[in-house]
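Given the coordinates of chain A, work out where chain B should sit on it, guided by the hints.
Protein chains in written order, with the working numbering: chain A, 1 to 342; chain B, 343 to 631.
Heads up, some of the hints might be wrong.
[What the hints assert, rightly or not] Lysine-lysine pairs mimicking DSS-like chemistry, simulated, CA-CA at most 30 Å apart:
no. : chain 1 : residue 1 : chain 2 : residue 2
1   : A       : LYS90     : A       : LYS125
2   : A       : LYS199    : A       : LYS125
3   : A       : LYS41     : A       : LYS124
4   : A       : LYS124    : A       : LYS3
5   : A       : LYS41     : A       : LYS93
6   : B       : LYS353    : A       : LYS125
7   : A       : LYS125    : B       : LYS355
8   : A       : LYS125    : A       : LYS93
9   : A       : LYS127    : B       : LYS353
10  : B       : LYS355    : A       : LYS124
11  : A       : LYS260    : A       : LYS125
12  : A       : LYS90     : A       : LYS41
13  : A       : LYS124    : A       : LYS93
14  : B       : LYS513    : B       : LYS454
15  : A       : LYS3      : B       : LYS428
16  : A       : LYS90     : A       : LYS199
17  : A       : LYS64     : B       : LYS454
18  : B       : LYS353    : A       : LYS124
19  : A       : LYS127    : A       : LYS93
20  : A       : LYS127    : A       : LYS246
21  : A       : LYS125    : A       : LYS41
22  : A       : LYS127    : B       : LYS355
23  : A       : LYS246    : A       : LYS124
24  : B       : LYS355    : B       : LYS428
Calculated from the structure, these hints are not laboratory results.
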Amino acid sequence: MLKYILRRLLLLPLVVLGVTFLLFFLTQRLSPEMRASLYIKDPRQMGALEEVIAKYGLRDNLFKQYGRWLGRALSGDLGYSQSANMPVAKAIKEYLPATVQLALVTIVLVVFFGVWFGAISAVKKDKWQDHLARLISVGGFSLPIFVLGLLLLMLFYGKLGWFPPGGYSLSTDVAIHLPSFHHYTGFLLIDSLLNGNIKIFVDVLRHLFLPAFTLCLGSFALMVRVMRSSMLEELNKDYVRTARAKGLTERAVIYRHAGKNAIIPVITLAGIQFIRLLGGTVIVETIFDYPGIGRFGVTAAQQLDIAGIMGFSLMVAVLFVLGNLVSDILYTAIDPRIKLNE
Amino acid sequence: MNNSIWQRILKNKASLCGFVLVVFFALVALFAPVLAPAKTANPYQLPQSSYDITPQGPSAQHWFGTTEQQYDLYYGVIWGTRLAFKIGITVTFFAFLIGLFLGAAAAYFGGKIDEIIMRFTDVVFAVPSLVLAMVIAAMLGPDINNMMIALTAVAWPSYARLIRGDVLSVKQRDFVTASKALGARGPRLLLRHILPNSIYPSVVVASLDIGYIVLTAASLSFLGLGSQPGTADWGQLIAMARNWVLGSGTNTFAYWYTVVIPGGAIFLFVLGWNLLGDGFRDILDPRQG
Chain A
1 MLKYILRRLL LLPLVVLGVT FLLFFLTQRL SPEMRASLYI KDPRQMGALE
51 EVIAKYGLRD NLFKQYGRWL GRALSGDLGY SQSANMPVAK AIKEYLPATV
101 QLALVTIVLV VFFGVWFGAI SAVKKDKWQD HLARLISVGG FSLPIFVLGL
151 LLLMLFYGKL GWFPPGGYSL STDVAIHLPS FHHYTGFLLI DSLLNGNIKI
201 FVDVLRHLFL PAFTLCLGSF ALMVRVMRSS MLEELNKDYV RTARAKGLTE
251 RAVIYRHAGK NAIIPVITLA GIQFIRLLGG TVIVETIFDY PGIGRFGVTA
301 AQQLDIAGIM GFSLMVAVLF VLGNLVSDIL YTAIDPRIKL NE
Chain B
343 MNNSIWQRIL KNKASLCGFV LVVFFALVAL FAPVLAPAKT ANPYQLPQSS
393 YDITPQGPSA QHWFGTTEQQ YDLYYGVIWG TRLAFKIGIT VTFFAFLIGL
443 FLGAAAAYFG GKIDEIIMRF TDVVFAVPSL VLAMVIAAML GPDINNMMIA
493 LTAVAWPSYA RLIRGDVLSV KQRDFVTASK ALGARGPRLL LRHILPNSIY
543 PSVVVASLDI GYIVLTAASL SFLGLGSQPG TADWGQLIAM ARNWVLGSGT
593 NTFAYWYTVV IPGGAIFLFV LGWNLLGDGF RDILDPRQG
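So here's chain B without its partners, still in its complex pose:
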């Protein structure tokens, strides 16, 4: 990536904060096995100290306390970070790949192929993405992989449109005509000449969408349409807090940690990506700012 862009990102206080947050979460995700050693073969399975339904406050044994059914919140937040990166990166990668393939094909071949692909994106766009993801996830059943499939299925059309536009504009440029004159054609022209010169801005846009993807994933889990029960998943931890927001008898805030701790984690994660994204947008589009 261009050095001066990074310098400008790090100079701006807001985007620097975003950068620090994202790096912090990346480190947590990377060192999750050290920070919270896994207790079972599947590290994303939350450890459960008993089946008591009432959450317990922070203690020496459970630093962040436990939520409903004694799932450890500290473990959930740490491995939830790793899961967030896993979901964000996987979904963005595959959605981008599909978008790249279809968008480039639509722009390069034009005509009927273009028409079919673009009308298909219209259909996917005609339903709000959370609603469509919700229906797909419900049909496939609660599971992390199924949730990632649902998210990919709703995320790719925007990349397809973006890349189609980029390829169309690059296709007109002189160097493409020049390479055509030199005999380049077909896939070689597209892969070697057009794509490398058109996908760079879309790659930036796509990677900054990770925060949004994780937010949608958490929404699905919150609705009970995401991961299996007992997964270290922020959305699910927050869903488990739903029964405890009214506290116990006289103390309304008795179980504050069940909402605030996983909620804080997802808030800071998404905030980091948004601040970083705003920084890039300000630089790439000087009209805003």
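For reference, chain A alone in the conformation it holds in the complex:
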């Protein structure tokens, strides 16, 4: 087990190296002139294009340029993001906590609703409740999140005015930049509580709700399906029959006995989905103008901000690979029947 984890951890830098090289190679599809023009803000300075190319060595061969990027990245300098108007490292530090916060709230919603609907679906197998739960899950899975997001914005922001887009309102923006507000963790939900400011907490939560709910939809279907089949499997086991035979109420049998065991695969799946969500936030954050890492990545891609794209993908790749490793370990920890290779 320990050997496996070590081997995977050793492989991690290799995979990340591969990913960044692949992406760097892709960014080189743009001509040196195009890449140089990113450094120029004023159209009147376009004459300086050659100077910029020479200064940053944009005509050097691929490996030399990649080596230069890598060397700087290793020392913590990811370059300057033109699209975010700040150094990439700073942008990641600023935007990542908001995305993690969003993914956490989403996963809580996914597990809650997934377990609820999945359990009902299994207990009432082939009854209308089962059909309804399955219908909602397949329907939700098929509704693109950008369509759902726009519909929700229309209703809850346009019509009802309950949940505004963005990360927080203007008054919060002012409050959190006052020197009296301490940033303990970078997560506004936690920091606001630590500062004893309930108003900010509620405000952040209100802005989180719609994107979290929208994001919930894609993972929800899978969660219902896993919970349903796992619950069905448990309900057919001998210990459930024993519990029924000793006269326990149906409620106790379902929730205390079968439910407890059925939830195990759901928890592992939640771990995996959490990582997937980190990547899947790009669309949701764009729709709701939520100041997270996904929106940063999309803007960087749209504006061909190479430093931004590279920094964003580097971070996503590290998170993704680490997350997959953690979920593999979780799998074996929870289900001893699964063995990891070597």
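Just chain B now, kept in the frame of chain A:
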């Protein structure tokens, strides 16, 4: 395809619905030139009746209304269906072909070749597919063909893994040993004996991915990293609706059709493929169900 599988698919209400939806969209795509005669040389170019920015509701002239800049929604939905099939089928075909080639090579030759190909798939898998497709599409520039290249580039590794696994398991079977004993070797053994017996399940899996591919394509277009502006593309039509979700003054839902019509089209399309896919999965894997 096996007759009894089709019978079971059509017996199940959910997968029957999926089948009907997919056939309906296929017919729309097929008869697009009849349903909405093209007005320009490039039929995927949306006709624009004026440059007025405000969407107009459904009318006798524009059955589904017009979206931002007077692009006709009816035309967009009809030709968008054809484009969805074009993208879905092309991307799945080429991704499958690449996956087939690399996956089979990895499994058949093993050793270093296997290691190199599989580590390369690991690298592609290490980034969420939408993120990678987004970066590739951004680098290549907005264009339908570029979008298809980006989608193919992120779709093939899963097929390569699938086919590698299938070939590895078939390679062990007795009939392969038998044909080896009869003197078959090299490409002939792989092409004539191993592949025909191993790719069938993967072909089904791949073809059911069309809904997912179209969804990813629409996501790219929605982010402005897909087709050129003014293309009959569902994702782009929905992106154009973004400015109008808050309606006009007192009536929040004034421009509902700009979201609901293209959104409904893509929803039903993906739903059809998912229902059909679920049906196949239930039959192929009896443990779920």
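For a quick check of understanding: which of the numbered hints are violated here, in increasing order? Of the numbered hints, 1, 2, 3, 4, 8, 13, 15, 19, 21 do not hold.
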